[in-house]
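With chain P held as given, fit chain Y onto it using these hints.
2 protein chains.
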Amino acid sequence: MPIPFTTIVQNLPASTPFVGPETLERQSGKLFRARIGANESAFGISPLAASAMRDAIGQSHYYSDPESYELREELAQKHNVAIDEICVDAGIDSLLGLTVRMLLEPGQVVVTSHGAYPTLNYHVAGFGAKLHAVPYNNCHEDPQALVKASSEHNAKLVYLSNPDNPMGTWHGEETITQMINSVPDNCVLALDEAYIEFAAEPIAPPIDTSNPQVIRYRTFSKAYGMAGQRVGYVIAHKDLITGFNKIRNHFGINRIAQQGALASLKDDTFLEKVRAAASAGRERVVEFASGHGLATLPSNTNFVALNLGSSAAAKQMITELSHRQVFMRMPGVEPLSQYIRVGLGTDAEHEFFVEAFNDVIKKTTLLKV
Amino acid sequence: MPIPFTTIVQNLPASTPFVGPETLERQSGKLFRARIGANESAFGISPLAASAMRDAIGQSHYYSDPESYELREELAQKHNVAIDEICVDAGIDSLLGLTVRMLLEPGQVVVTSHGAYPTLNYHVAGFGAKLHAVPYNNCHEDPQALVKASSEHNAKLVYLSNPDNPMGTWHGEETITQMINSVPDNCVLALDEAYIEFAAEPIAPPIDTSNPQVIRYRTFSKAYGMAGQRVGYVIAHKDLITGFNKIRNHFGINRIAQQGALASLKDDTFLEKVRAAASAGRERVVEFASGHGLATLPSNTNFVALNLGSSAAAKQMITELSHRQVFMRMPGVEPLSQYIRVGLGTDAEHEFFVEAFNDVIKKTTLLKV
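These protein sequence lines map, in sequence, to chains P and Y.
First residue of the first sequence? That's 0 in numbering that gives the first Met the number 0, and the numbers climb one at a time after it.
First residue of the second sequence? That's 0 in numbering that gives the first Met the number 0, and the numbers climb one at a time after it.
For reference, chain P alone in the conformation it holds in the complex (with noise of 0.2 angstroms):
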């Protein structure tokens, strides 16, 4: 008997959005000595997490509060917003997936950039949506242009990361107010700003609640570095957070990283830490791009675009620096994929990939076709 999956899921594809670095270890044998290419955060979490989450074990037989009321409560206060315009979930992956089935019928459109995270590509697909997909420019996200396929394919909802992933690059305040204000009527914007806290400058416009065409999505996975703790949350208007609550799994949350999440909020003398340490950690890239003659990307996140003048020469550096056990992602199109995207290591990761790197350039002829 043929499995009675509904239409949509027998039409997908057996995809996942992204290969972990523990496949590939699996596949080489060899563990990476160099973890940079997941945009997990080298600078650890706040050791006062650390503390709360070692208290919490104890408490592992608990569920989490399916409200996560605590967190949500200095999370408020935090964004002055409400306690009712806040929905913890696990991840903002867990959240895109959320907010695809909440707005999306089975045909209508969503709108993104040609690039842009593959995770919300996958949740499309996956509640049988159609994606349409503008191009980068520049290697920046285009917020009119996403504005006006929003308008031109009656889209319900537009996608734009700030800072991007996978460039880095960003925009200012006034270009996102600007959006915002230009998303049609009927439709809704999707603000990823997973790596806000990364960014050298302030760079988000004031959260408003009042406006219903906006969710601002925000985690603990990037500066926070609880990316295996699984907690993001989005910051709408009351009756978009009602729409997140009718569907998401209530006691979803993990117990003990309820309490790491609400630790690390009181830690701001960590986050700065983390900021100043992203901030070294980009020039240090940029140098070592610059000393090869290597063009880099401006970035406000955690990692950094080095051009390599070509895909082919960008997928043979990463073909090549997993062999030298350097574990790196590059974008996956056209042209962002002349890129490679260095992700900021601790000292001895960076030293590593250095040492790999240099290895490549000098044994192949990856740089000189």
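A few of these clues could be false.
[Claimed, not checked] Derived CB-CB ranges, DEER-like:
#, chain 1, residue 1, chain 2, residue 2, range
1, Y, Pro16, P, Pro205, 32 to 42 angstroms
2, Y, Gly331, P, Arg25, 43 to 53 angstroms
3, P, Ile360, Y, Ser50, 37 to 47 angstroms
4, Y, Gly171, P, Asp238, 26 to 36 angstroms
[Stated by the list, open to error] Listed next, the in silico BS3-like pairs over lysine-lysine satisfying Cα-Cα at most 30 angstroms (straight line):
#, chain 1, residue 1, chain 2, residue 2
5, P, Lys29, P, Lys237
6, P, Lys129, Y, Lys237
7, Y, Lys237, Y, Lys129
8, P, Lys129, Y, Lys265
9, Y, Lys265, Y, Lys237
10, P, Lys29, Y, Lys237
11, P, Lys77, Y, Lys29
12, P, Lys237, Y, Lys237
13, Y, Lys29, Y, Lys362
14, P, Lys314, P, Lys129
15, P, Lys237, Y, Lys129
16, P, Lys265, Y, Lys29
17, Y, Lys77, P, Lys29
18, Y, Lys265, P, Lys29
19, Y, Lys147, Y, Lys237
20, Y, Lys361, Y, Lys77
21, P, Lys361, P, Lys314
[Claimed, not checked] Short, incomplete list of chain Y residues facing chain P, as computed with Cβ under 10 angstroms:
#, residue
22, Ser14
23, Ile56
24, Tyr68
25, His152
26, Leu156
27, Gly224
28, Leu239
29, Ile246
30, Ile252
31, Ala276
To be clear, the hints were calculated from the coordinates, so they are not data collected in a lab.
Glycine included, each C-beta is placed from N, C-alpha and C at the ideal position.
Then chain Y, alone, in the frame of chain P:
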């Protein structure tokens, strides 16, 4: 502007399957002193799991292995199936949601028992499918009636939990095997075995992954004591597993929880202790009830259903216990709702419950009506 929700989400009530104990604590301003209402395990987690999780906290900044490879490898060995016949996800709740999503077109039917696990119903509504519920038979789910209704209503999915929640009752291997063999064509049986490790004797039929009409649901939330960690899994025909993999959140598992689950599987001694403690705990509740002349249902879970003679009495008892800092739940629908569900607690929790219960009996007219 009204939010442009899908028709399904627009029409959903803003409901949650369960109110968490923390919500009740916030309402009353008092902490519970016996938390025996959510079928959490009072017997905690394996010391090996605790130790593995403490060690893993330092890796919080890494995403988990999206394939849960090591964990699936261990589970495959334990259940004598292939690794691609297992899918690990953030708890059975999430897996039930994925199941409904991948099998049910809006308007198609899921068959369950009237009063069975509410989170299934939440997902059925959430994806616009239709629920058909058949009555319990003498406080047992009724496999024959479930199969008959599935056939009559052209159901794509039929749900049974064995042992059952909220009643604690169960069917033996033969009855379940008969049910498996009589599931109608084009219908899948969701066999929820969350409580299976608590059973005093083996009641699960052999796992047969060649049958594409059965999904077995297992979890680390109950006997393994890891409810707050969110790790569950399904065992099924590999084509069904492919369906789950097409739509799940690939990076949705907590990395620390993965390590804890893996370590748990290596601690048979702990599991045996839990099973013994559960047996003793059930006996203790039965004895206590019988001291009051109250009937209980036989249970193969970590709770015992205790008959208070009427829904009104049961409701009053839950309320009065709550006033006395005891968190307990009861089945939501007649005729099951004349029972309260006494969770097995620690010694201290049990004594606290006993005192509170005795006090309620003394001070109210509860059982005299």
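Hint check:
1. Y:Pro16 with P:Pro205: 32 to 42 angstroms: With a Cβ separation near 36 angstroms, Y:Pro16 and P:Pro205 satisfy 32 to 42 angstroms, so the hint holds.
2. Y:Gly331 with P:Arg25: 43 to 53 angstroms: holds, 46 angstroms
3. P:Ile360 with Y:Ser50: 37 to 47 angstroms: holds, 44 angstroms
4. Y:Gly171 with P:Asp238: 26 to 36 angstroms: violated, 50 angstroms
5. P:Lys29 with P:Lys237: violated, 48 angstroms
6. P:Lys129 with Y:Lys237: holds, 28 angstroms
7. Y:Lys237 with Y:Lys129: holds, 27 angstroms
8. P:Lys129 with Y:Lys265: violated, 45 angstroms
9. Y:Lys265 with Y:Lys237: holds, 25 angstroms
10. P:Lys29 with Y:Lys237: The given pair, whose Cα atoms are some 28 angstroms apart, holds under the 30 angstroms limit.
11. P:Lys77 with Y:Lys29: With Cα atoms ~27 angstroms apart, P:Lys77 and Y:Lys29 stay inside 30 angstroms; holds.
12. P:Lys237 with Y:Lys237: With Cα atoms ~41 angstroms apart, P:Lys237 and Y:Lys237 exceed 30 angstroms; violated.
13. Y:Lys29 with Y:Lys362: Satisfied, since the Cα-Cα distance of roughly 21 angstroms is no more than 30 angstroms.
14. P:Lys314 with P:Lys129: Roughly 29 angstroms separates the two Cα atoms, so the pair holds.
15. P:Lys237 with Y:Lys129: holds, 28 angstroms
16. P:Lys265 with Y:Lys29: With a Cα-Cα distance of about 25 angstroms, the restraint between P:Lys265 and Y:Lys29 holds, given a limit of 30 angstroms.
17. Y:Lys77 with P:Lys29: holds, 27 angstroms
18. Y:Lys265 with P:Lys29: Holds, because 25 angstroms separates the two Cα atoms, which is no more than 30 angstroms.
19. Y:Lys147 with Y:Lys237: Measuring from Cα to Cα gives roughly 27 angstroms; hence the hint holds.
20. Y:Lys361 with Y:Lys77: violated, 50 angstroms
21. P:Lys361 with P:Lys314: holds, 17 angstroms
22. Ser14: holds, 7 angstroms
23. Ile56: holds, 5 angstroms
24. Tyr68: holds, 6 angstroms
25. His152: Violated. Min distance 14 angstroms.
26. Leu156: Status holds, d = 9 angstroms.
27. Gly224: holds, 4 angstroms
28. Leu239: Holds, because the Cβ-Cβ distance from Y:Leu239 to chain P comes to roughly 6 angstroms (cut-off 10 angstroms).
29. Ile246: Since the shortest Cβ distance to chain P is 5 angstroms, the answer is holds.
30. Ile252: holds, 8 angstroms
31. Ala276: Cβ of Y:Ala276 sits 13 angstroms from chain P, so the hint is violated.
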